[in-house]
Each structure stands twice: as C-alpha cells, then as structure tokens.
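2 protein chains.
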Amino acid sequence: MSEAIVELTAGQYNLVYNLFSLTIAAMAAAFVFFIGARDQVDKKYRKALLVSAVVVGVAAYHYFRIFQSWGGAVAGTEMAGETMMYMFNTAEFNDAYRYADWLVTVPLLLVEVVAVLGLTKEKERGFIAKLTIAAVAMLALGYPGEIASDTGTRLLWGTLSSIPFVYILYVLWIELGDAIKDQPGHAQVLLRNLRLLLLATWGFYPIAYLAPVMGIGEATGLVALNVGYAIADITAKAGFGLMIYSIARTKTLEGGGSGQPQAAAAAE
Amino acid sequence: MSEAIVELTAGQYNLVYNLFSLTIAAMAAAFVFFIGARDQVDKKYRKALLVSAVVVGVAAYHYFRIFQSWGGAVAGTEMAGETMMYMFNTAEFNDAYRYADWLVTVPLLLVEVVAVLGLTKEKERGFIAKLTIAAVAMLALGYPGEIASDTGTRLLWGTLSSIPFVYILYVLWIELGDAIKDQPGHAQVLLRNLRLLLLATWGFYPIAYLAPVMGIGEATGLVALNVGYAIADITAKAGFGLMIYSIARTKTLEGGGSGQPQAAAAAE
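Protein chains in written order, with this note's numbering: chain C, 1120 to 1387; chain V, 1120 to 1387.
Bear in mind the hints are in silico, worked out from the structure with no lab data behind them. Heads up, some of the hints might be wrong.
Same chains, same label: a pair holds when it works inside one copy or across any pair of copies.
[To be verified] Simulated pairs of lysine-lysine, BS3-like, Cα-Cα distance not exceeding 25 Å:
1) Lys1300 with Lys1240
2) Lys1240 with Lys1163
3) Lys1240 with Lys1162
4) Lys1163 with Lys1249
5) Lys1163 with Lys1300
6) Lys1240 with Lys1166
7) Lys1166 with Lys1242
8) Lys1300 with Lys1162
9) Lys1166 with Lys1300
Throw the hints in and build the complete structure from the sequences for me.
See the structure below:
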C-alpha cells in the first residue's frame, strides 16, 4: 500500500484491533485442541492433526505480530467535530506478515488434506509436491498486487495468481476425486464437505484482496480487507483443522485405518 | 563489521525484517512438528527427532533476538528525494547471536546424522566426538573474519575455517560411507540425499560470508549476507530435520529397526 494517512473512526479502528486479538485467541485455542486431540485418532491420522496444530500455531504467532503492527501504525488522533478519528499510517502497517504466514501455512493445509486420506507414501509425495508448488506460485503472484497502489497492477497480479489457484482446485476435485471415492462411507461425505469449505474460505481471500479497489472508500476498504482476511484465516485454518479432526475421528471409529481405535489408544 | 551507518532503502530494510520474522515462524513450526512426530517413528530414532527439535528451538530463540536487534539498529530515517532511506547502524546490529546459535546447533545437526544411522554405542560416540570438535573449530575460526572490517582478515579466517569443514565432509563421505551402505534400501538413498542437502546448504554459508567483500556495495552486501544466512538456516535446520524425520519414518515402516512401529508404540 502507498504511504498515506487514512482517517479511521474509533469504531473502525477498534473493530480491527479487537478482531485481531480474537484471532490470536482462536488460533491458540485451536493449537491446544489439535495437540491434545491426537490420541483420539488412529496412529496413521496423527500427522494430519499435528500439521493442523503447526498451521494454527504459526498463524497465532503472525496475528500477534499483525496486532502489534496495527497498534503501532497510529500516528495520532484528531477530533472531527464530536468524533475522535485515528490517523492511521498505512505505510507503518506491515502487510507482509500475512504473506509470510501464508507461505508457511497454505502448503501445510494442503498437506493436511492429503495426509488424512491415508494414501500410499508414493502417491502422497506426488500430490504434496504438486500442491505445494502451486500454492507457493499462487502466493508469490498475489504479493506484487497486494503492495501495489494502483488498481491496474492489483488486478493484473490478482488474475495471474488465480491460475495456480484454479490448478489446485483441479487437483483436489479431479485428481484426488478417485482417492476420495475409495474412502469409507461417512468419511467420503466429510471429505467432500472439506473441499467445499476450502473453496468457500479461499474464495473469500480474492474478495478481501479486491476490497481496496472496489471504490468503497479508503478507510472502509482498509477495514474490509483486514476484517475479511481475519475471518477467512480463522475459518480456513482453525475451522478447516476441526473438519480434518472430524474426518480422522470418523475413519478411526469406522475402522478404516490399519488398526482399531482401541488398539491405538491402548498402545499410548 | 565496522561501525558505520549504511543507508538501506525501505524495500531492503523490510526484506530482511520480514525474512527474520518468517524464520522465527518456520523454526517454531518445525519445533512443534518434531516434538509431535516422535511417536511416528521407532523408539531408536526418537533421539534424532528430539535433537532436531532442540536445534530448531534454539534457532527460533536466536532469530527472535536477531529480529529485535535488526529493528533496534535503525538510527533514523531520511528522505532521499521520493524514497525513504533507513540509516542502519551496523555496530548496533549483533552478529554474535548467529555464532552463539551455530555453536549449539551445528554440532547437534551432526549428532542427528549419526543418531539416525542407528550404529552401535561405541561407534556412535567416536563419530560424534570427531564431528563436534571439527564443527566447533570451524565456527571459532570463522568468527574473527566475520567481525573484521577489512577484506584480507575476512579471507584469511574464512580460509582457515574451511579446513575443519573439509574434514567434516571427509568424515561424512569416507568414514561414514560404509555405515550408510549397511542401511536398508530406501533409507540409503535418503541418507545420500541428506549428505547432499548438508553440502548444498553449508556451501551457502561461505557465499553469504563473502558477500560483504565481493564489492557489491555495502548496503547490498549487508542485505545479501542476512538473506543468505536466513535461507541457509531454514534449509539446514528445519529442512534437514524433515529429511531426518523422513529417514526415520522410512526405516520404521521398512522394519529396519529393532522392532515394528506397533511394537514401538506399545512400548510407550
């Protein structure tokens, strides 16, 4: 974003501030849950839960930094009649934390999906390689648009970034489709829902990305972008991890794994 | 480095700042993963994973300090025409954290390699002693060059530091070569890759070390040094640990250890 002072009302400023704090709490809560819930699932799905924990742990760290950065970007306050306005210096607010976070967490989210399927090592590696490369390309192409100050540049890079995104959808829907058909009954339904959750939450990011160019005003755009990203992050990381847990738990109870849940629990 | 103010563009300053933050996150993420993944491998390889966790945990701590030090070394900002420049005081930026980190972590990385081989206690101790002494010598000889301000001194100590480095390579390739030949099929391939990863990442450090004397300009040299070290550290510690995990997991599944993975779990 360009160096500029944006005037935020106290309500707008505090909405984002409080939502960031809530996001830290939600991610930390999810971290504790995923770490603790590992012994509720069969041994072969524990890696998926561990990766879920890593994802929300990394996100908690980054939201702590983002929260600090939001607080530090206030250049001062001013009274506009009766209303207190926050002079927010967008150049001081560090957007890059979010991209650093996504670089670590987005490939791991895709690893979670593959890990919970319980494929052969060979197949698993192939899918993880493809999806990781596509995820990194998607993020790397989005970043130049995010830091651009003009609409054209933002739209150009946003469009380029959509190409690997569509490829990821192709892999999840078409290539992984067969693997999902082989899953036991109820897990199949949950895996379909997981893909839909991913589509719905990831579809939220482009909307937040475009918020600043939709002509809804600089202050509203800034607030919409940050509220949108925070809600999308909670859903796509903590919510997604909960669905992964739910699938792993279902497969454990249905005995779709290599061992009985009782055996796995007894082995602890 | 000599006491001097180096002028960095906002882009250069922020690149290093954000990369340091990303490194903290990556190391902390790897820490959680290695601690959590211990029950995925046979009991005899758990020490290797625990040591991996210690390495990235120590690195996360040091990168937190380095990150703070980088932020604190800015003496002020100045406008050069349209561009904001950061006045960076290199005397305030503490390089020694990195050497403190390496003194702890580099010998431990070599312990990881030996530990995952599953040798006899006797042989293991011999290799660890040799490799630890060489690693400490390599770092102790590199440090005087790192803090020197003139090219000649930097090159002299850099060259001396290479001698124990070459000895480490000799031990890993020649002396450990036989031990690697005795490993089960797929683990052998992974162990060869592990050595190559070590060579590739450790080969990166001398390049970063020499960046300030390559005549690429003081600001660019400073940025190149720090970007290079951070990327090398992530690869050589978190990436290396992931390969150790992969080898331990493969040996566990192939039953190349003392027991079945189920037996190992039952032993919990």
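query = Given a CA cutoff of 25 Å, do Lys1163 and Lys1249 count as a within-copy pair, a between-copy pair, both, or neither?
reply = Within one copy only: 22 Å inside, 33 Å across.
ask   = For Lys1166 vs Lys1242, is the C-alpha pair at or below 25 Å within one copy, between two copies, both, or neither?
value = Cα proximity of Lys1166 and Lys1242: one copy only (16 Å, versus 29 Å across).
key: Identical-chain pair category, Lys1166 with Lys1300, by Cα at 25 Å   = Intra 22 Å, inter 30 Å, cutoff 25 Å: intra-copy only.
Identical-chain pair category, Lys1240 with Lys1163, by Cα at 25 Å = The answer is both: 12 Å in one copy and 22 Å across copies each meet 25 Å.
Intra/inter-copy verdict for Lys1240 and Lys1162 if alpha-carbon distance must be at most 25 Å = Classified as both: same-chain Cα gap 15 Å, cross-chain 21 Å, threshold 25 Å.
ask   = Taking 25 Å as the upper bound on the Cα-Cα distance, should Lys1163 and Lys1300 be classified as within, between, both, or neither?
value = within (19 Å within a copy, 30 Å between copies)
Status of Lys1162 relative to Lys1300 across identical chains (alpha carbons, at most 25 Å) = within (22 Å within a copy, 31 Å between copies)
task = Could you place Lys1300 and Lys1240 in one of the four classes (within, between, both, neither) given a Cα distance threshold of 25 Å?
result = both (18 Å within a copy, 23 Å between copies)
key: Up to 25 Å CA-CA - Lys1166 versus Lys1240, copy category   = both (13 Å within a copy, 24 Å between copies)
In summary, the structure agrees with every hint in the numbered list given earlier.
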